[in-house]
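Engineer: For chain A, the structure is supplied; the task is to place chain B on it using the hints.
There are 2 protein chains.
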Amino acid sequence: MTLDIPAPYLLFLGDVTDPIDVKSAFGVRDWAPERVVGELALPAATVTLGLPAMAPAQAAAAGAKAILIGAVNMGGFIPRNWLPSLLAGLEAGLDIVSGMHRKLASVPELAEAAERLGRKLIDVRVPPADIAVGNGNPRTGKRLLTVGTDCAMGKKYTSLALARALHAQGVDATFRATGQTGIMISGSGLPMDSVVVDFASGAAERLSPDAAADHWDVIEGQGSLLHPGFAGVTLALLHGSQPDVMVLCHDPRRTVIRGLPDISIPPLNDVMALYLPLARLTNQTTRFAGVSLNTHGLSEIEAATALKTAEAETGLPAADPVRGGAAFDQLVEACVG
Amino acid sequence: MTLDIPAPYLLFLGDVTDPIDVKSAFGVRDWAPERVVGELALPAATVTLGLPAMAPAQAAAAGAKAILIGAVNMGGFIPRNWLPSLLAGLEAGLDIVSGMHRKLASVPELAEAAERLGRKLIDVRVPPADIAVGNGNPRTGKRLLTVGTDCAMGKKYTSLALARALHAQGVDATFRATGQTGIMISGSGLPMDSVVVDFASGAAERLSPDAAADHWDVIEGQGSLLHPGFAGVTLALLHGSQPDVMVLCHDPRRTVIRGLPDISIPPLNDVMALYLPLARLTNQTTRFAGVSLNTHGLSEIEAATALKTAEAETGLPAADPVRGGAAFDQLVEACVG
Chain A
8 MTLDIPAPYL LFLGDVTDPI DVKSAFGVRD WAPERVVGEL ALPAATVTLG LPAMAPAQAA
68 AAGAKAILIG AVNMGGFIPR NWLPSLLAGL EAGLDIVSGM HRKLASVPEL AEAAERLGRK
128 LIDVRVPPAD IAVGNGNPRT GKRLLTVGTD CAMGKKYTSL ALARALHAQG VDATFRATGQ
188 TGIMISGSGL PMDSVVVDFA SGAAERLSPD AAADHWDVIE GQGSLLHPGF AGVTLALLHG
248 SQPDVMVLCH DPRRTVIRGL PDISIPPLND VMALYLPLAR LTNQTTRFAG VSLNTHGLSE
308 IEAATALKTA EAETGLPAAD PVRGGAAFDQ LVEACVG
Chain B
8 MTLDIPAPYL LFLGDVTDPI DVKSAFGVRD WAPERVVGEL ALPAATVTLG LPAMAPAQAA
68 AAGAKAILIG AVNMGGFIPR NWLPSLLAGL EAGLDIVSGM HRKLASVPEL AEAAERLGRK
128 LIDVRVPPAD IAVGNGNPRT GKRLLTVGTD CAMGKKYTSL ALARALHAQG VDATFRATGQ
188 TGIMISGSGL PMDSVVVDFA SGAAERLSPD AAADHWDVIE GQGSLLHPGF AGVTLALLHG
248 SQPDVMVLCH DPRRTVIRGL PDISIPPLND VMALYLPLAR LTNQTTRFAG VSLNTHGLSE
308 IEAATALKTA EAETGLPAAD PVRGGAAFDQ LVEACVG
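Line order of the protein sequences matches chains A and B. Residue numbering for the first sequence follows the numbering used here, starting at 8 and increasing by one per position. Residue numbering for the second sequence follows the numbering used here, starting at 8 and increasing by one per position.
Chain A with its partners taken away, still in its complex shape (with noise of 0.2 angstroms):
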């Protein structure tokens, strides 16, 4: 059992005015539009998702089985204007699902209008209870996993984009999420910074269970090997997914890890050397399909370059997801050829 939220989801966007605060939303949004009837903002807002504004009555007549808190807010609470909206759904028989730190049950009125309607309170952040140490027993079907030289530089994205490739040529594959916004766009997941450690690699087996020979599990990557703050998670979810394929996700303009200037980020080749060794722990035939660089801000021709310059140090493929193309279909191939 993962966490599963029910869709489709009305998107609550709250009174926002940087669209960097609702990226959660934009992400469902954008992901999985199948899982969206339409947003509602309270008046102060003044980003949109350019989606039908609903009450929480208008969307659960539409359909809607919950409303998505889709932004957050400094210091991860509710705020006390956000309520009757948040009510207002649950009186029209919407859960509420929310990635905030403070759980929703942590706020009186939510708990007992919930309790009186029978709706249901769902906090992204939180595992399920009964998770088991991992074992690295090997599993059946097909799994790749997104790795990074840092952490917030394209692992979810490249996973997406990784799958939804591999779903238009027909092969079976899902989306593995592992952080709240990979949650929230595909309805299930787990939330692997949330897991105490000693269950954490237990978390990343359950999941992607036993599966098809042929199917493939896609696996949301987190943090870093190279990140001193992450590397235990990074290290859990590689041994637990049991990666048949990597994928190594980096930003060309990065140097150093983010916010600590005195770590550098070394060659593609002495990273992927870091984490060879440590995936074999759990599956011995692993290797790394190719390269994925997040050139947004290059232009066509230094992004280009980018990409080149990650083939001739790598020998593998590599390509931006965001750009597509037919290098990003040479690395779709690479994966799973």
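Calculated from the structure, these hints are not laboratory results. Be aware that a few hints might be false.
Stretch by stretch, here's where chain A covers chain B in the computed footprint (C-beta under 8 angstroms, at least three residues) [as the list claims (entries may be wrong)]:
1) 56-63
2) 140-146
3) 202-213
4) 235-245
Over the 10 angstroms line for every Cβ pair with chain B, so calculated as not near, a few chain A residues [unchecked claim]:
5) Leu90
6) Glu116
7) Val140
Some chain A residues well away from chain B (every beta-carbon gap over 12 angstroms; in silico) [stated by the list, open to error]:
8) Thr55
9) Arg123
10) Gly141
11) Ser201
12) Arg261
Yeah, the Cβ is synthetic: ideal placement off N, Cα and C, and Gly gets one too.
Structural biologist: Coordinates of chain B only, in the frame set by chain A:
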């Protein structure tokens, strides 16, 4: 702030009949006799630590500050028939210290009595709430970390023995506990296995803070990079500890990971080659000083052969801290020399 436990203790043994169920109590007796005033067992118990038997009031009169539950119980909860002794401890002015899974305050009688009497209920498995994400910034002072080819092969014992030996040489050294028995022995520490994975290396950073240039923290290792269930905690502890020196702990009779017969333990040099590049992320001059072999169950001659073999393989001193002797003196010297 790490956990801090009031001492000395009255060691409570419950109604145990198997010494393995009170191994924490034996550990405290053996390594921290100055933290113990006596023992208390129920009539059905058949195990004794050989300490003076005391009722809680007697122990309090003898200077005890806490009653420490030194026994484990199937299921990790406190049996009803232990409650009268624990309540008597609270009434006598003692705090209660527990390493059980179930929290002390979840027992209504204990919560009520502790509240009424102003006593503390201390769960050794519960880490501090406000741990930060690790950043890898260098800290002052020296650090030694024990690492292992597997779990449960002598990392705690080795760390305690090294800290004691350094002390005996006049080195300013502190044993840093990362598991519950170690915390009970030293009276402080951080239960690494209970930390949420994103904060695990931050917990290790907090455990061994800035110190004088010639001070040594001797940090109790956890898990193994070779264990698919626990490598995440091992790596987080490695990064957060930023050790100057590592000691590799091994049991020469173990050829596979305990409970996971499909995972072989590679040669010691290969294991060190797995740890070293990862450890360099937060301490570029880190090194292995030697090997600590658990030769329990081997004859004197077999043990000597195993130590010679490990030395020949690695080119480093090898010793069994339980057997001590000149070999162990050399290992200590190699750590701080």
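Engineer: Verify this for me: three or more residues of the segment 140-146 of chain B with a beta carbon less than 8 angstroms from a beta carbon of chain A.
Structural biologist: holds (count 5)
Engineer: Does the segment 202-213 of chain B contain three or more residues whose Cβ lies closer than 8 angstroms to a Cβ of chain A?
Structural biologist: This one holds; 7 residues, not fewer than the three required, reach chain A with a Cβ under 8 angstroms.
Engineer: Does glycine 141(A) really sit off the interface, with its C-beta more than 12 angstroms from all C-beta atoms of chain B?
Structural biologist: violated (4 angstroms)
Engineer: Could you check that no beta carbon of chain B comes within 12 angstroms of the beta carbon of serine 201(A)?
Structural biologist: Non-interface label fails for serine 201(A): nearest chain B Cβ at 6 angstroms, not farther than 12 angstroms.
Engineer: Taking C-beta pairs only, is valine 140(A) more than 10 angstroms away from all of chain B?
Structural biologist: Non-interface label on valine 140(A) violated, nearest chain B Cβ at 4 angstroms vs cutoff 10 angstroms.
Engineer: For the segment 56-63 of chain B, do at least 3 residues have a Cβ located nearer than 8 angstroms to some Cβ of chain A?
Structural biologist: Answer violated; 0 residues pass the 8 angstroms Cβ test.
Engineer: Taking the closest pair, is the beta carbon of arginine 123(A) still more than 12 angstroms from chain B?
Structural biologist: Correct as stated: the minimum Cβ-Cβ distance to chain B is 27 angstroms, above 12 angstroms.
Engineer: Closest CB-CB distance from threonine 55(A) to chain B, is it above 12 angstroms?
Structural biologist: Since the minimum Cβ distance to chain B is about 32 angstroms, threonine 55(A) lies beyond 12 angstroms and the statement holds.
Engineer: If you look at each residue in the segment 235-245 of chain B, do at least three have a Cβ nearer than 8 angstroms to any Cβ of chain A?
Structural biologist: holds (count 8)
Engineer: Arginine 261(A) clear of chain B by more than 12 angstroms, beta carbon to beta carbon?
Structural biologist: holds (16 angstroms)
Engineer: Classify the label on leucine 90(A) as holds or violated, using whether its beta-carbon is more than 10 angstroms from each beta-carbon of chain B.
Structural biologist: holds (26 angstroms)
Engineer: Is it the case that glutamate 116(A) keeps its Cβ farther than 10 angstroms from each residue Cβ in chain B?
Structural biologist: holds (25 angstroms)
Hints 1, 7, 10 and 11, counting from the list given before, are not met by this structure.
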